[in-house]
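Trainee: Sequence:
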Amino acid sequence: MKAFTTYYWDVLKKQYVNFAGRATRTNYWMFVLFNFLVFLVLSVILSFFGDVGNVIYFLLTLAVLLPSLGIAVRRLHDTDRSGWWLLISLVPFIGTLVLLVFLVLPSTEGANRFGN
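Quick note on this note's numbering: the sequence shown kicks off at 384 and runs consecutively.
By construction, these hints were calculated from the structure, which means they are not laboratory data. Given the structure is predicted, the values throughout are model-derived calculations rather than measurements. Keep in mind that the hints are not guaranteed to be accurate.
Label-pair restraints from in silico Cβ distances [to be verified]:
no., residue 1, residue 2, range
1, Leu-425, Leu-483, 21 to 31 Å
2, Val-481, Thr-388, 29 to 39 Å
3, Thr-388, Ile-428, 14 to 24 Å
Just so you know, even glycine gets a beta-carbon here, dropped at the ideal spot from N, CA and C.
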């Protein structure tokens, strides 16, 4: 439960639209894991509510969009890349693979142009 609070809830609550700074690999991938699990459970529960459940699911997805983009940008900053590299995912297949590699790469040691 502490991991959920640290890696997911705090990102949603305290860093909702924070695009500045850095996020470690652990921070990013734990957020992705918890986000996947939360939406998996929500999709099962909301499937019983038909169209109303679909609308609620869509609204919750929109609510988590900005924090997801924010932590991805901070993860790219941690690898000493600009957040604009997220746009490479618009290139079919290859762009997504390149972005995945960037998100998996280790952090730069010490301070970089995006902070400590």
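Trainee: So, for every hint listed, does it hold in this structure?
Mentor: Verification of the hints:
The given range of 21 to 31 Å is respected by Leu-425 and Leu-483, whose C-beta atoms sit roughly 25 Å from each other. With their beta carbons about 32 Å apart, Val-481 and Thr-388 fall inside the hinted range of 29 to 39 Å. Distance hint for Thr-388 and Ile-428: a CB-CB separation of about 21 Å, consistent with the stated range 14 to 24 Å.
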